[in-house]
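A.B. asks: With the hints as your guide, set chain V onto chain H.
One line per chain: the protein sequences are H and V, in this order.
With UniProt numbering applied, the first sequence covers 1 to 415.
With UniProt numbering applied, the second sequence covers 1 to 415.
If you are wondering where the hints come from, they were derived from the structure by calculation, not from laboratory data.
Any given hint could turn out to be false.
Intra- or inter-copy, both count: the list cannot distinguish identical chains.
[To be verified] Pairs of lysine-lysine residues, derived as BS3-like cross-links and limited to a Cα-Cα distance of at most 25 Å, are as follows:
id, residue 1, residue 2
1, 63, 395
2, 363, 63
3, 158, 57
4, 158, 191
5, 308, 63
6, 64, 308
7, 166, 63
8, 308, 11
9, 308, 336
2 protein chains.
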Amino acid sequence: MTIDWNDTFAKRALKLTASEIRELLKLINQPDIISFAGGIPDPAFFPYDNMAAAYAKIFADPKKRAEALQYSISEGYTPLRQWIAEHLATLGIATHADNILILNGSQQALEFLGKLFIGPGDRIIVTNPAYLGALQAFSLYEPEYVTVTLDETGLDMKALAREFEKGAKFLYLTPDFGNPSGVTLSLEQRKALLDLAYRHNIPVIEDTAYEKLRYDGAAVPSLLSLDTSRLNESAPLSDPTSNGHVIYCGTFSKSIAPALRIGWVIAPTPVVQKLVLMKQASDLHVSTLNQMVMHEVVQEIIDSHTAKLRDVYRARRDAMLAALEKYMPAGVTWTKPEGGMFVWATLPPHLDGAALLAASIEKERVAFVPGAAFFPDRSGRNTIRFAFSLVPPEKIEEGVKRLARLIGEISAAAA
Amino acid sequence: MTIDWNDTFAKRALKLTASEIRELLKLINQPDIISFAGGIPDPAFFPYDNMAAAYAKIFADPKKRAEALQYSISEGYTPLRQWIAEHLATLGIATHADNILILNGSQQALEFLGKLFIGPGDRIIVTNPAYLGALQAFSLYEPEYVTVTLDETGLDMKALAREFEKGAKFLYLTPDFGNPSGVTLSLEQRKALLDLAYRHNIPVIEDTAYEKLRYDGAAVPSLLSLDTSRLNESAPLSDPTSNGHVIYCGTFSKSIAPALRIGWVIAPTPVVQKLVLMKQASDLHVSTLNQMVMHEVVQEIIDSHTAKLRDVYRARRDAMLAALEKYMPAGVTWTKPEGGMFVWATLPPHLDGAALLAASIEKERVAFVPGAAFFPDRSGRNTIRFAFSLVPPEKIEEGVKRLARLIGEISAAAA
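Isolated chain H, as found in the complex:
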């Protein structure tokens, strides 16, 4: 007799299927391809010297190095949590180190929040399109996805009000130039959204992965900052009876480097207490050494380093928007992101993103990500995601030019 593993697995595990994006990334790692697929930071701009110095500094200190390699508390390295609280205070967010939990990137925050809130069949509201990694994290817990359209005009607030009316475990969204849309929510929409959340008592999960990468325009207050400012002074976020509605996910992956795997979640006390216990049961704590290094590095360079990153990525975004404007045939539209790493394009309805990708790799050696995967309902077949973060400006122009040529050819043949 042999084990039939699929019979052995829990029902939730059947939701685990390979990510199209990840599988794709494995195939296009060839030098002659211009790839707009990987929405990841450019390693040319990681702060290597600061990091090397921070590791060396900790190993040179007998007390610090012992702490750095030993088991630690699940909440995360206290000085790092304090630094985050102080740093966010400068951005108008009134929080407290006790409400901050350090996790393995904000991806782990999403997975934990799925595990904390979602039972089979529970309604959760996500944007259409939404970050694929969030959908992967949530899907394990078998939710019913309810979608609200997100486009250049922001969120469909009427649809949101309708869905809030019906109830949901939470709303998840990325308010600032999110992956994949690049769209930013206006202050008015944020306030209206929070009003709705309070009216229906529905938690809002705010993903701020790209928040530091704003290239122009004024920063819009985060949902958490709006939430903490409306909380009564007698019950701030750290008060067990605080009525905060926003759960905030942050990360150093885009502002410093991803592979230390350090992100965080900020939540009202009853939520963060559960998440700390979840962290303990899941993997005890984030690497103490890495947390200590991150604390050293961000204290020193967060502002100067992210300013440098903004200059680099702004030039790439500008190159991409200029090239799209210059080369794309009529019928193709795209978002104009104020920050982040992505431009989201809508093709003429007769075009399929996945088919276009296959043709584009074969004929033009240009890669991007087809959009359907970002829609829980698998609509958006005629959308594609461009990431400009990894490609120098001159190559961006060349890549967009080639892809535009291909789209023109296909459209002409279909006409």
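C.D. replies: Coordinates of chain V only, in the frame set by chain H:
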């Protein structure tokens, strides 16, 4: 209106309650207490110089440092997986890098296996007592615990056969001087256990956290090595049709250092494929930098370093067994571990471990962990766990002497 968070949480989250051991550890961090509570490595023996050199080496190499800080594959750093496969081959375990997944310590392996296999009400078999961290990880997925007694004579094989007959999602155990029991399963029991697993097609999760810390006696082959040797040559573990029944959890936390958070799981191909997808959805991958450092360090020092650790901890175990023999009153019994970090003691039935701890901290300034938490059925009230890994031999004698005096006094008063 305010959010009633407990109404919002999924049912599984209500299982999350504070670990008694962790809460306890927060209280006893006072210099005058002799603590046998924390079952963690002694930081005096972490390989600081080798680690510092490995971090410096990676940052000095432009290609390596870029890889070290960038997003990476969820499977884990390939050279580290290859090293583990080669190292285990020297211990008689025939496996393959493709069947190895790097995780945030073996704790994450346990959490993932709970998530992979357990649906609400599913039967899983654990030893009585069992590793508390495993019970915490599994409990989130709402299993029905079935327990099989583990004591100085090993596993209750009759009870195991009876429970296997009724079916279960898996059996979880630590065959070598586990936490908390310190007991080692004989080769005969391992073979019989595997025969039963094959007969009833029940996966066996083997936790090998302490495997490198054997102080005397000959190593007993791991369950995975017995499993891979009985697999047909035409279907080794890496074959998708392999009939392997054992899932092996390993870690560097006890042999090198815990806070890099690096462990691994080895499983038949259909299982490891699901676990890789789970890793991707959960937190993408373990810190690449830490994996590269661990790869540098273990290549260089795994044998010499663990030999040193064995000398240190052997002396402490010997001191603890000698002190127990010298001071403990009649009616107290304890295990004689061949390795690991723990001695498990059974008190006279009228004594309660938790009450003894309270008295012991107050009167004798000695700490340990009451045993009940390690029993899913909360039996074992008259058991306690001693960890000897953090205490120098002379303090061990003093601590045992004081506690023995207290037990003697309480027993005399009760008689």
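A.B. asks: Is it within, between, both or neither when you check residue 308 against residue 336 at 25 Å Cα-Cα?
C.D. replies: Classified as within: same-chain Cα gap 21 Å, cross-chain 60 Å, threshold 25 Å.
A.B. asks: At most 25 Å between alpha carbons: which applies to residue 158 and residue 57, within, between, both or neither?
C.D. replies: So residue 158 and residue 57 fail the 25 Å test inside a copy (54 Å) and across (56 Å) alike.
A.B. asks: Give the relationship of residue 166 and residue 63 under a CA distance limit of 25 Å: within one copy only, between copies only, both, or neither.
C.D. replies: Neither. Shortest intra-copy (55 Å) and inter-copy (53 Å) distances fail the 25 Å Cα cut-off.
A.B. asks: As a check of your reading, is residue 308 near residue 63 (CA-CA no more than 25 Å) within one copy, between copies, both or neither?
C.D. replies: between (34 Å within a copy, 22 Å between copies)
A.B. asks: For residue 64 and residue 308, with the copy left unspecified, which applies at a CA distance of at most 25 Å: within, between, both, or neither?
C.D. replies: between (30 Å within a copy, 23 Å between copies)
A.B. asks: Under a CA distance limit of 25 Å, which applies to residue 363 and residue 63: within one copy, between copies, both, or neither?
C.D. replies: Neither. Shortest intra-copy (59 Å) and inter-copy (31 Å) distances fail the 25 Å Cα cut-off.
A.B. asks: Is it within a copy, between copies, both, or neither that the alpha carbon of residue 308 lies no farther than 25 Å from that of residue 11?
C.D. replies: Neither, since 47 Å and 46 Å both go past 25 Å.
A.B. asks: Please work out whether the CA atoms of residue 63 and residue 395 approach to 25 Å or closer within one copy, between two copies, in both situations, or in neither?
C.D. replies: between (49 Å within a copy, 22 Å between copies)
A.B. asks: Regarding residue 158 and residue 191, is the shortest C-alpha distance of 25 Å or less found within a copy, between copies, in both, or in neither?
C.D. replies: within (14 Å within a copy, 65 Å between copies)
Checked against the numbered hints listed earlier, the structure breaks hints 2, 3, 7, 8; every other hint is satisfied.
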